[in-house]
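Enquirer: My numbering numbers the first residue of the sequence shown as 2 and each following residue consecutively.
Treat the hints as calculated values from the structure; they're not laboratory data. Keep in mind that the hints are not guaranteed to be accurate.
[As the list claims (entries may be wrong)] Below are the BS3-like pairs computed for lysine-lysine, each with C-alpha atoms no more than 27 Å apart in a straight line: (1) K112 - K82; (2) K147 - K112; (3) K112 - K142; (4) K142 - K65.
[Claimed, not checked] Per label pair, the in silico range of CB-to-CB distance: (5) K105 - S56: 32 to 38 Å; (6) K112 - R132: 16 to 22 Å; (7) Q49 - E121: 33 to 39 Å; (8) A88 - D117: 37 to 43 Å; (9) Q113 - G134: 39 to 45 Å.
Backbone N, C-alpha and C fix where the C-beta goes; we use that ideal spot for every residue, glycine too.
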Amino acid sequence: MYRRKISHNWKYLLTSVISFIIVAVILLSTGRALAQDSPEAVVNQFYQWYLKTESVTRQFSQQKAAFDPELYTQLVQAWAKQPGQDAEFVDFDVFSGTQVGMVKAVVRSVKQPWQDHTAEVDMDLYAGRLRNGQMVQVGDKPVTVKVLMEKKENTAWRIRNLVYAQGNWDNLLCILRGINRAAR
2 MYRRKISHNW KYLLTSVISF IIVAVILLST GRALAQDSPE AVVNQFYQWY LKTESVTRQF
62 SQQKAAFDPE LYTQLVQAWA KQPGQDAEFV DFDVFSGTQV GMVKAVVRSV KQPWQDHTAE
122 VDMDLYAGRL RNGQMVQVGD KPVTVKVLME KKENTAWRIR NLVYAQGNWD NLLCILRGIN
182 RAAR
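Between the sequences and the hints, there should be enough to build the whole structure, so can you do that?
Expert: Right under this line is the structure:
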């Protein structure tokens, strides 16, 4: 009888430990998935890709899932415009709103005014210059870009628009619509 009790307790303990491990794995993987689908994670992932990619316009299709379909389409159409052939075309870095390359991107803050549907991610982007074959940071003052995010039902967070803090607070979607509407 004593042996039977130990065997029963051992089975119970083993079952409890296995159940605990399964629940812990599920919670950890769910937490990781939720963290990867946060506005900050999507923006961070995109800007890290952007900083290390030499030809953003040619490889942009790799990032299609990170962008709202309208913004993605407007970008692709605007990048197809050519100087000398089209009245207007993209002549600046659309992800920084500048004429220079960037070497560093830092999330400054994340606000979610409508909890589950929209978010604003404030980014500080640091300019760089090619020096001896290497991109090096120039200056300490960042360019600030507000990345507007949206999450529709059953979709991941997506970049809906960019607002440039310098100048007149222009936004990328309006600029692209103007370029794409311009007569040839």
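Enquirer: Evaluate each hint against the coordinates.
Expert: So, going through the hints one by one against the coordinates:
no.	hint	verdict
1	K112 - K82	violated (34 Å)
2	K147 - K112	holds (10 Å)
3	K112 - K142	holds (22 Å)
4	K142 - K65	violated (30 Å)
5	K105 - S56: 32 to 38 Å	violated (20 Å)
6	K112 - R132: 16 to 22 Å	violated (36 Å)
7	Q49 - E121: 33 to 39 Å	violated (20 Å)
8	A88 - D117: 37 to 43 Å	holds (41 Å)
9	Q113 - G134: 39 to 45 Å	holds (41 Å)
Taken one by one, the earlier hints fail for this structure at numbers 1, 4, 5, 6 and 7, listed in ascending order.
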